[in-house]
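Chemist: Each chain, written out:
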Amino acid sequence: MNTAQTSPQIISKLIHILMAVIPSYESDFWSADTELFGAIAEFDSMAIVTIIGEIEEQFDIVFDDDDISAENFASISSLAKLVFEYYG
Amino acid sequence: MNINAEFIAGKQGALFRLMRTPECVQGHILYLPPLFEQANQTRHMLTRSAINAYQQGFESIIVDHYGTSDSAGQLTEACLSLWQQDVIAQLSEIKTRSKQTTILSVSLSAALLLNNDILALIDGLILVQPEFNGKRFVQQFKRLALAAELDKQLAVEPSLDEEQINIAGYVMGKELLVHLSQQNSQQLTSRKLPCCWLEWQAADSELSTARANQYQAFQNALIANNEDCCYYAVDDVKFWQSTELEIAEQYLADEQQALLALFKRTMGAKTC
Numbered sequence: 109m110n111t112a113q114t115s116p117q118i119i120s121k122l123i124h125i126l127m128a129v130i131p132s133y134e135s136d137f138w139s140a141d142t143e144l145f146g147a148i149a150e151f152d153s154m155a156i157v158t159i160i161g162e163i164e165e166q167f168d169i170v171f172d173d174d175d176i177s178a179e180n181f182a183s184i185s186s187l188a189k190l191v192f193e194y195y196g
Numbered sequence: 002m003n004i005n006a007e008f009i010a011g012k013q014g015a016l017f018r019l020m021r022t023p024e025c026v027q028g029h030i031l032y033l034p035p036l037f038e039q040a041n042q043t044r045h046m047l048t049r050s051a052i053n054a055y056q057q058g059f060e061s062i063i064v065d066h067y068g069t070s071d072s073a074g075q076l077t078e079a080c081l082s083l084w085q086q087d088v089i090a091q092l093s094e095i096k097t098r099s100k101q102t103t104i105l106s107v108s109l110s111a112a113l114l115l116n117n118d119i120l121a122l123i124d125g126l127i128l129v130q131p132e133f134n135g136k137r138f139v140q141q142f143k144r145l146a147l148a149a150e151l152d153k154q155l156a157v158e159p160s161l162d163e164e165q166i167n168i169a170g171y172v173m174g175k176e177l178l179v180h181l182s183q184q185n186s187q188q189l190t191s192r193k194l195p196c197c198w199l200e201w202q203a204a205d206s207e208l209s210t211a212r213a214n215q216y217q218a219f220q221n222a223l224i225a226n227n228e229d230c231c232y233y234a235v236d237d238v239k240f241w242q243s244t245e246l247e248i249a250e251q252y253l254a255d256e257q258q259a260l261l262a263l264f265k266r267t268m269g270a271k272t273c
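In the order they appear, the protein sequences are chains A and B.
Be aware that the first sequence starts at 109, since it is given in this note's numbering, and climbs by one per residue.
Be aware that the second sequence starts at 2, since it is given in this note's numbering, and climbs by one per residue.
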């Protein structure tokens, strides 16, 4: 997807959340194009649920359980697009 | 360090208790472990908190809930009411052998165990990022099963029978989740109880709406007309969320400060 479809603020906030949950990577590892599900070993079911909870709290949104899909969690861009649908 | 690791009688079976007793006990603090995966994610910090309290002159006690960790029984045999009755028994036991201040420390999902009978037995309450929204907690827990289906590493196994559910390896009665989902702070009635609330909040950020609502609901429910709830903003890593083992030093310092301030408010410092 085109990252211009989501706001830089959303990307930035998502990276902040991801860095807190998965602190084993340097800050320059994270960008809109960083792949998540299937690409990062630490990005397991527990991490996914933790990140969902943090996103919901920080953006004041509530995801549908159907949003928990490999597509939505494929990369920071796809996750930002999902957040944008609720928050944007 | 004077530490006792022992099994004590619970309502349905033996409970594992870790008790650190200083030479001069100025008060007691019972730590309620949070539930399910949060228990594993917080254990290292719970231990540090208990050691800090011990070093401040508090007898610090950690008891594993029935069917969890080193306590007897299976999670399938546990229910909310049983866990609450065990907590009441532990607090009553402290009360029968000591007239000193008893403080209850409750973190994350352990807040879902609180009821009025428990609050009636304590002199002070420490809340650490408490989760009072049972519905949300259970929703998040169930999402674990959905997320596990994605990576297939923690496959959702078929339920053992109609009354049980298996989420990411945690097999439990469905009724337990139903009862947890019904918990909220509004069930706690107003009484004067000195307490402190430690909330993770970065120095340059506002509290999220969801967390602000929980704090407000707690204030409305429990401490109406009570000025004794102190709010502490903790600017530190959310160690229970991290995929790495994190030590939250600032939190430990804030918690110690909160404990001592709370103790002074409940009873006043005692000397040996």
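Bear in mind the hints are in silico, worked out from the structure with no lab data behind them.
Only a predicted model underlies this, so the values are computations on that prediction, with no experimental measurement involved.
It is possible that some hints are incorrect.
Derived Cβ-Cβ restraints for the label pairs, each shown as a range [said to hold, decoys possible]:
#1 B/Arg-44 / A/Phe-137: 43 to 49 Å
#2 A/Ser-139 / B/Ile-4: 46 to 52 Å
#3 B/Ala-6 / A/Met-127: 46 to 52 Å
#4 B/Arg-98 / A/Glu-143: 46 to 52 Å
Within a straight-line C-alpha distance of at most 25 Å, the following computed DSS-like cross-link-like pairs (lysine-lysine) qualify [as the list claims (entries may be wrong)]:
#5 A/Lys-121 / A/Lys-189
#6 B/Lys-96 / B/Lys-239
#7 A/Lys-189 / B/Lys-12
#8 B/Lys-12 / B/Lys-143
#9 B/Lys-239 / A/Lys-121
#10 B/Lys-265 / B/Lys-193
Just so you know, even glycine gets a beta-carbon here, dropped at the ideal spot from N, CA and C.
Chemist: All hints, please: hold or fail.
Modeler: Cross-check of the supplied hints:
| no. | hint | verdict |
| --- | --- | --- |
| 1 | B/Arg-44 / A/Phe-137: 43 to 49 Å | violated (29 Å) |
| 2 | A/Ser-139 / B/Ile-4: 46 to 52 Å | holds (48 Å) |
| 3 | B/Ala-6 / A/Met-127: 46 to 52 Å | violated (37 Å) |
| 4 | B/Arg-98 / A/Glu-143: 46 to 52 Å | violated (58 Å) |
| 5 | A/Lys-121 / A/Lys-189 | holds (13 Å) |
| 6 | B/Lys-96 / B/Lys-239 | violated (34 Å) |
| 7 | A/Lys-189 / B/Lys-12 | violated (51 Å) |
| 8 | B/Lys-12 / B/Lys-143 | violated (28 Å) |
| 9 | B/Lys-239 / A/Lys-121 | holds (16 Å) |
| 10 | B/Lys-265 / B/Lys-193 | holds (15 Å) |
In terms of the numbered hints stated before, the structure departs from hints 1, 3, 4, 6, 7 and 8, listed from lowest to highest.
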